[in-house]
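Novice: Chain by chain, the residues:
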Amino acid sequence: MVEAAIELDNLRRRYGERVALAGVSLRVDEGQTLAVLGGNGAGKTTLLRVLAGLLRPHGGTVRVLGAELPAERWKLPARVGYLGHEPLLYRDLSGRENLRYHADLHGVPRARVDELLGAVGMTERADDPVRDLSKGLVQRLAAARALLHDPALLLLDEPRANLDPAAAELLEPLIGRVSGRTRVLVSHDVEGALAEADASIGLRDGRPAAVGPELYR
Amino acid sequence: MIAGARAILHKDLLIELRTKESVPAMVLFSITVYVLFHFGLDRDSLDGELASGVLWVTLLLAAVIGVSRLFAAEREQGGIDGLLLAPVDRTSLFVAKAAALFLFLTAVELVAVPAFAVLLLGPGLGGAMPELLVILALANLGVAAVGALVAALAAETRARELIVPLLLLPLLVPLLIAGAQATEPLMRQDAGPEDLGRWLGLLSLYDVVFVLLSVAVFDFLLED
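As they're listed, the protein sequences go chains A and B. Under this note's numbering, think of the first position of the first sequence as 1, with each following residue one higher. Under this note's numbering, think of the first position of the second sequence as 218, with each following residue one higher.
Don't take every hint at face value.
Which residues of chain A face chain B? A few of them, derived with a C-beta cut under 8 Å, are [what the hints assert, rightly or not]: (1) Asn40; (2) Asp92; (3) Tyr101; (4) Asp104; (5) Ser134; (6) Tyr216.
Hints are computed from structural coordinates only; laboratory data are not their basis. Glycine included, C-beta positions come from ideal geometry on N, C-alpha and C.
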């Protein structure tokens, strides 16, 4: 029997009085991809941040890779890779210095840094300060950062944003379906996301909604 | 724990060496305040209680700048999430941030204390230097512990420029009293340590209490 990588039951989350997520229930099996779709402010990023352990759920049950959140949040960092809107890279450091820093935090050998810099096509620009890089190059580094510790679960928020077609193709084996990892993919490219997903969930005003054009009205 | 703390400390020192945002600002602030005291008091030289008070108040106000900037790189460059997403416990983060602040304060004092001696101090500091170094080291440890705690508390608040001095300075009052009292005899013409052991004991007790308190409380900070 396939293990569940993610199980949500009636997840709720608020920002002050405003409801960001309500009644979200789903299951994602190991190795599968879940597409999360919805308009701006629908709660997609909040859902990813709850799954990453960055936000506490305010109600319901959340189990990620066997860890009950928020009580067992400490189990997640070693197994979850998060590629969000922010690259989580220090602009005053070079790409290599940033990746070495994250490798040290994760206890990963530094050889892995060079391996990933090569994989995302950043070897030649690895020693440039991040502040001097284009958004596309920063996104490649951010992807390398999220993959440093070889996570079992990838949480991807518009992972191909700012990437040109060649770069998107370069990253495909790392963060795409062929990576074989369990993935939660937030995207505004509905057709593209559905094509690479095993399941999907639509969100509207933080609540589950049918996937279709009405999601964006 | 040590590997995580070392990685964060190394990153913080590297960023400070590149940007030179904290230590030079703290040094310039200290020297400017000494110049202001020089003209404001209309005296060429100070000694005793007044000298000790000016030195300590200036150093502690300069520390506010360092504490305000302690999480600046994380705040401005999205690194707090990066830390929360790494398998690093909060104690490592506290140790790294406190160690960074300790080193920043020490670097500031390497310039600011001689500048104080030249600009304001009547009696020389030469003979009292070993005692002064011990006092400064103990005080820096206390400021570093309290400062790292306050910086983390204020890191994700909107009014952090207000919160840092309002929280930090009252917490530093015992340290100011002990530091100034321990230093005062060293800054008299008839210099000689009086009750030094008592004040060093108080500084050490302050350090132990706030290091333990900070380690205990730090786990609950930086949560959403």
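Novice: Each hint: holds or not?
Specialist: Results of checking the hints against the structure:
1. Annotation: interface hint on Asn40(A) violated; nearest CB of chain B at approximately 20 Å, more than 8 Å.
2. Satisfaction of the interface hint for Asp92(A) is found here, the shortest Cβ-Cβ separation to chain B being roughly 5 Å, below the 8 Å cut-off.
3. At about 5 Å, the closest approach between the beta carbon of Tyr101(A) and any beta carbon in chain B falls short of 8 Å, and the interface hint on this residue holds.
4. A distance limit of 8 Å between C-beta atoms decides the matter here; for Asp104(A) the minimum to chain B is near 4 Å, and the interface restraint holds.
5. Nearest Cβ of chain B to the Cβ of Ser134(A): about 17 Å, over the 8 Å cut. The hint is violated.
6. Evaluation of the Tyr216(A) hint against chain B yields a violated restraint, the C-beta minimum of about 28 Å exceeding 8 Å.
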